[in-house]
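Trainee: If you read the protein sequences in the order shown, they are chains C, G and X.
With the working numbering, letter number 91 in the first sequence gets 147, and the count goes up by one each step, no holes.
With the working numbering, letter number 88 in the second sequence gets 270, and the count goes up by one each step, no holes.
With the working numbering, letter number 46 in the third sequence gets 98, and the count goes up by one each step, no holes.
Keep in mind that the hints are not guaranteed to be accurate.
[Unchecked claim] Straight line, CA to CA, 30 Å or less: simulated DSBU-like cross-link-like pairs of lysine-lysine:
| no. | chain 1 | residue 1 | chain 2 | residue 2 |
| --- | --- | --- | --- | --- |
| 1 | C | K309 | C | K259 |
| 2 | C | K109 | G | K318 |
| 3 | X | K152 | C | K114 |
| 4 | G | K303 | C | K215 |
| 5 | C | K404 | C | K259 |
Hints in this document: simulated from the structure, not taken from any laboratory.
Spelled out from the first residue to the last, the chains are:
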Amino acid sequence: MEEQNNIKQDFYVNMGPQHPSTHGVLRIVLRVEGEKVLSSETVLGYAHRGVEKMAESKTYVQMMPVMDRFDYVSAMLYEWAYVGAMERALGITPPERAEYIRVIMGELNRLASHFLWVGAFLLDLGAFTPFLWVFDARERILDMFEEVTGQRMTTNYFKIGGVHDDLTPEFFKMANDFIKMIYDRMKDVEELIESIIFLERVKDLGFISKEDVLDYGLTGPVARGSGVYVDTRKTEPYSVYDRLNFEVPLGTKGDCYDRYKVRMQEIIQSVKIIEQALGMIPEGPYTEKSPKVVKLPEGEYYYAVESARGLLGVYLLSDGSTKPYRFKLRVPSFANLSIIDKLLPGNKISDVVAILGSIDIVVPEIDR
Amino acid sequence: MGVVSILENLAVEKVEKEYSKTGFCHSFLLKDKSHIREVAKRFKDYDYYLETIIGYDKGDGIRLIYVFNRFDKVHRTLIYLDTAYFEEVDSIADIYSSAIWCESEVYDLLGNTFKGHPCLKRLLTPEGLQGYPLLKSWKEEE
Amino acid sequence: MVKVPEKIEVPYVPGVRFAVLEDILNWARKNSLWPATFGLACCAIEMMAAGAARFDLDRFGAGVFRPSPRQADLMIVAGTVTKKMASRVKTLYEQMPAPKYVIALGACAISGGVFCKDAYGVVKGVDTFLPVDVYVPGCPPRPEALIYGLLELQKKIQKGK
């Protein structure tokens with residue numbers, strides 16, 4: 057009897073591809089003993105469509121709608137990186153009005169992504185009401201997209217030399233109404249969320265140190281939550297970001313609570329950027345004339361953009377024809393997720409969900 | 183601290199690149215393949231992080247591109263490495279932990295193995311796929 | 053003088069009704085379809101938006117998304133099905149108890165979508181290995197389109213298989 061009570065056995069728990077909290081199809085194989093996780097192994101590839109090989113047999117313009125489908129919650133930031141690489145190669149600069157329109161749309165996409173993250177994170181931890189409140193705010197942003205581009209999510213709005221359509225007066229009215237309501241709404245959401253239950257579940261969990269940030273190449277809110285100042289909009293300014301006034305929020309300890317706080321403050325900073333851009337936008341043309349047949353000169357081109365999750369880079373290698381020779385995407389979630397096998401051991405199973413949620417991944421962009 | 187002085191005494195050859203046209207600040211061709219670990223160690227001491235590893239099929243071999251960058255200001259540096267098909271290259275996974283998955287992806291899609299990698303396996307492609315998809319000679323079988 | 057509303061006249065209704073058992077069972081099945089959460093890619097976000105506050109799926113009885121397939125009777129395949137994932141989709145379908153229904157949401161689940169040419173990892177349509185009842189086209193389809201597809205499925209269930 058004594059021996060039977062003292063046998064320790066570890067077994068495998070499969071947090072499988074179909075799971076309500078993995079934000080896509082991701083599989084983590086956990087080796088647990090009781091409730092404690094001993095080791096973990098991540099299995100990727102369930103959303104691997106082979107897009108990098110597909111890009112070698114499609115022209116540059118035919119690849120534009122596919123760029124939306126990588127990160128569907130903030131699609132225009134990916135289009136921006138792809139269009140930016142092609143404009144760098146062809147030597148085309150878009151007009152001023154187009155740059156301001158791109159900044160406004162990019163920041164709205166960042167807001168939409170962070171709203172969805174707040175809702176999904178709290179849904180994983182068990183709270184249902186913040187999900188409905190932030191989805192209402194996200195629906196207003198999608199209404200604005202539908203007003204200008206005609207589509208809600210995967211919009212295909214950017215083109216070489218500018219954007220496809222101008223902003224309408226109705227858009228400006230909707231944007232001003234949105235800005236008036238969003239500050240109070242975020243105060244309400246924060247007051248609702250920060251109860252003792254949430255703080256106990258999220259504080260002092262999943263520490264990422266500054267050496268880890270350099271070692272694993274982390275960028276975005278995951279790195280900013282540990283106190284490392286890395287933001288592509290400030291260190292490698294593109295478009296008109298050097299004329300706008302905004303701060304980059306940083307955390308101190310590097311736990312899940314700091315990453316949550318950084319994203320909540322980024323929401324406020326994004327709204328400030330939109331307010332400034334709406335005031336500074338000049339009159340003028342909204343696009344340059346783009347070439348009928350797009351042929352990039354020979355060579356390698358790279359363009360980096362700050363997406364909602366970190367540094368996004370598009371690499372194009374051209375041999376002078378209408379199709380790319382090699383197309384590669386440097387995706388922030390790929391590097392951010394590689395730290396998970398180091399963070400999980402030693403925690404309980406219910407902490408796995410909180411840590412995975414605080415890193416904010418989108419699986420089809422990892423698997424491409 | 184200039185990048186050229188970081189890489190002194192190593193067999194590198196500079197390739198000219200302009201930032202506003204291409205997005206890269208510097209690029210170097212590494213002539214001796216066994217020096218890649220020394221290059222990575224020096225970059226790590228000077229606070230550069232490994233952004234990504236790109237590989238493509240040149241026609242007569244594979245070219246691997248290691249992209250390094252800084253956090254405080256942009257200083258994107260490329261290191262080119264030319265190998266033959268299915269050749270083994272030294273792994274830098276114990277210097278930079280982000281190389282663990284990057285090198286697995288290169289093995290999965292192009293076929294190069296890495297010596298000293300802790301767990302080299304096929305990361306992304308479906309089980310039972312024959313061959314390495316990103317090679318120009320790969321054809322999808324039915 | 054305060055105006056009080058008139059008394060509502062309730063018509064006489066007999067206490068005993070006759071109907072075909074199959075019709076009553078179908079009526080009960082169609083009004084309480086419980087979907088299994090199975091979002092793979094972009095269409096999953098539109099499915100979540102359809103379950104949120106603006107386009108409410110709960111008023112049709114289908115708002116309770118079950119995480120386990122053994123407690124669900126509707127599988128909404130939302131997103132691209134890849135070759136690595138296809139065998140797992142089939143396992144999940146076989147775990148659901150009968151009667152069970154499948155909705156293919158979005159262009160990728162119907163026929164491969166944007167990836168139908170030259171993408172080596174994509175299964176060109178989920179109906180190559182699953183029996184599909186309703187196809188909802190779009191890339192991604194609006195939440196109203198998903199609600200319309202659900203109503204068509206309810207009509208199909210009422211008619212009987």
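Trainee: Each hint: holds or not?
Mentor: Structure-based check of each hint:
Pair hint K309 of chain C plus K259 of chain C holds up; C-alpha atoms about 10 Å apart against a cutoff of 30 Å. Distance restraint check for K109 of chain C and K318 of chain G: the Cα-Cα separation of roughly 9 Å lies within the 30 Å cut-off, and the hinted pair is therefore satisfied. Restraint check: the Cα-Cα separation between K152 of chain X and K114 of chain C comes to about 40 Å, which exceeds 30 Å; the hinted pair is violated. Taking the CA atoms of K303 of chain G and K215 of chain C, the gap is near 39 Å; set against the 30 Å cutoff, the hint is violated.
For the hint pairing K404 of chain C with K259 of chain C, the CA-to-CA distance comes to about 14 Å; that is within 30 Å, so the pair holds.
Hints 3 and 4, counting from the list given before, are not met by this structure.
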